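**Student:** Chain residues, written in single-letter form:
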Amino acid sequence: MNKELLSSELLKIKRKGFWLLTVLGPFGVVALQMMNYAYRKEYLLKQSTNDWEYYILNVSGFTPFALVLGMVILTSFLTSIENETNTWKKLISLPVSKASVYITKFTLLASLLFLSSVLLMLFTLLYGIFLDFNGEILHVTLFQYSFYPYFASLPVLALQLWISTVSKNQAVPITIGVIGVILVLTNSYSPFPDWIIWKWPSLMNQWDKPIINVVLGIIVGCLIYIVGMLDFIRRDVK
Amino acid sequence: MEYVVETKNLTKQFGEQKAVSSLNVTIPRGEIYGFLGPNGSGKTTTIRMLLGLMKPTSGTIHVFHKDLKKDRIHILKRIGSLVENPSYYPHLTAYENLEVWRKILGVPKEKIHEVLQIVQLSEVTNKKVKGFSLGMKQRLGIAASLLNDPELLILDEPTNGLDPSGIIEIRNLMKQLASESGMTILISSHLLSEVEQIATRVGIISKGKMLFQDSMDKLRELSKPNIALRISDAKKALRFIVSKGIEADYRDDHIFIPNHSDEDVAELVQQLVYHNFLIYRVEGKKRSLEDIFLQITQEERLV
Ligand SMILES: Nc1ncnc2c1ncn2[C@@H]1O[C@H](COP(=O)(O)OP(=O)(O)OP(=O)(O)O)[C@@H](O)[C@H]1O
Ligand SMILES: [Mg+2]
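Going line by line, the protein sequences match chains F and U.
Everything in the first sequence is counted per the working numbering, starting at 9 for the first residue and increasing by one.
Everything in the second sequence is counted per the working numbering, starting at 3 for the first residue and increasing by one.
Everything labelled a hint here was simulated from the structure, so no lab data went into it.
Everything numeric in this text was worked out from a predicted model, so none of it was measured.
Here's a subset of chain F near chain U, in silico, CB distances under 10 angstroms, partners left out:
no., residue
1, Glu17
2, Leu19
3, Lys20
4, Lys24
5, Leu99
6, Asp244
Label-pair ranges, simulated between beta-carbon atoms:
no., chain 1, residue 1, chain 2, residue 2, range
7, U, Glu18, F, Thr183, 25 to 35 angstroms
8, F, Ser119, U, Val109, 24 to 34 angstroms
9, U, Gln122, F, Arg23, 22 to 32 angstroms
10, U, Ser135, F, Phe138, 50 to 60 angstroms
11, U, Arg80, F, Asn94, 16 to 26 angstroms
12, U, Ser167, F, Asn94, 19 to 29 angstroms
13, F, Val180, U, Lys111, 32 to 42 angstroms
14, F, Ser105, U, Ser124, 25 to 35 angstroms
15, F, Phe35, U, His115, 38 to 48 angstroms
16, F, Trp203, U, Asn26, 46 to 56 angstroms
17, U, Pro110, F, Asn94, 24 to 34 angstroms
Calculated pairs, SDA-like style, for lysine to any residue (alpha carbon to alpha carbon, straight line, at most 25 angstroms):
no., chain 1, residue 1, chain 2, residue 2
18, U, Lys10, F, Val245
19, U, Lys71, F, Asn94
20, U, Lys130, F, Ser15
21, U, Lys246, U, Ala268
22, U, Lys209, U, Ser60
Glycine included, every Cβ here is placed at the ideal spot set by N, Cα and C.
Let the hints inform the model, and build the full structure from the sequences given.
**Tutor:** Encoded structure:
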């Protein structure tokens with residue numbers, strides 16, 4: 009990847025609402041708990057002995073959904089910028105490798121979503137402090153529930169980017185994206201088998217070790233990324 | 003001869019259909035190459051392959067004496083291009099659009115104002131491209147292709163959507179670029195008249211095959227006057243003329259024969275009269291280049 013390509017990508021996403029979405033996602037997740045705690049704080053505090061832990065778990069209930077939805081929307085927005093007047097053909101006829109174009113798009117999306125995760129941690133922390141719980145702030149738990157879902161959902165991001173860049177018809181990536189979001193939602197009611205990548209952001213697995221989802225997310229995310237990039241390189245430009 | 007572009011047996015197959023078939027395109031340095039062919043003849047497909055956007059099914063492409071397969075990025079640094087409809091980001095201004103490409107090309111920012119000036123879009127530098135007319139978008143595309151001072155300019159139907167004065171402007175710009183900066187230019191079109199005045203070399207393709215490739219002057223030679231005869235019982239007369247060993251063909255109510263000396267024509271007329279054909283007209287007819295182009299692409303014969 010090169011710096012110039014990334015800075016030209018940043019210019020392209022101007023006025024397209026990318027930054028707004030990046031902030032709105034994590035804000036929405038915490039805002040749900042703002043409402044929750046505003047209406048029934050007393051009741052919620054009685055539910056557990058560890059207020060911070062209970063609060064962070066409540067927040068994290070919506071993180072996988074918001075994250076995967078964000079991946080679907082941002083990826084679709086980003087590729088639609090090139091599809092609109094087919095700028096792919098102009099972009100690829102410039103002296104850049106197709107690999108670097110692909111990696112730049114992935115890096116941009118991954119960075120925006122990482123920023124969302126940082127903001128999620130920040131918003132969670134700030135509102136938690138505002139709620140003025142008894143007991144210590146659980147820094148480690150907060151960190152885990154802010155960043156583990158991110159790494160665990162990288163395969164979804166890699167898959168969405170792959171499908172969006174090679175599909176002639178954008179209904180395909182959007183359909184798969186919507187199905188993915190529905191899977192994430194239903195998973196919280198009746199968990200899927202561990203091999204389904206849309207389960208991973210929930211950090212659930214049969215061993216009860218969230219770190220497994222993180223490691224798997226990074227490895228499988230890289231694999232899907234590589235396969236997607238090779239496919240993108242192999243194909244003729246739209 | 004030094005060729006800036008040289009393809010050998012370039013072929014592209016989509017399923018069963020050969021969109022481009024064993025094409026040998028040769029473009030010498032400094033020439034304006036008019037790449038002509040009717041709709042669907044394979045011009046865009048060829049251009050896409052020249053730019054590395056599509057991989058040939060078979061055959062080779064050399065640009066600047068380098069193999070496109072191996073040196074794609076080095077080659078593309080020296081090329082400016084515009085393929086089919088202009089590509090632009092509607093939500094960005096003209097300046098921002100060029101800035102997106104400029105960053106990747108790594109040329110100084112001043113180039114943006116320079117190329118906008120060339121295509122006369124300076125006044126709308128900071129306007130969003132969304133509101134541009136088709137002609138303005140096309141000119142923005144041309145501006146983008148000039149950002150890196152290319153040695154080879156590849157333009158696929160660049161006058162699409164331009165009004166007559168716009169077409170003349172682009173034509174003059176091409177001429178100027180070729181003469182002042184020695185640029186080699188490939189310009190595709192489905193109308194010969196569009197490149198007739200600027201092209202120094204032409205390639206005519208139809209159904210993916212090259213039917214004619216030579217200098218513009220050679221093509222002009224083909225348009226030398228013919229002799230048209232209007233005769234009673236034309237079919238029989240045609241057979242008679244051909245039997246005399248004279249090349250002839252029948253079109254639009256006339257029998258056409260190549261230009262011959264006065265004596266030969268007089269002799270033929272005499273013979274025809276002698277054999278009781280009634281001769282209504284004997285005229286010298288100059289064929290327009292467009293006629294020749296049509297004839298070449300319709301008959302698909304090698305000239
Ligand atoms: N991606 C593709 N898949 C399948 N067939 C294609 C593809 N691209 C082009 N073709 C076919 O190849 C043939 C040549 O198309 P091409 O676009 O190269 O023609 P053209 O000379 O540029 O025509 P025009 O003057 O209309 O622009 C057409 O029959 C077209 O249908
Ligand atoms: Mg075309």
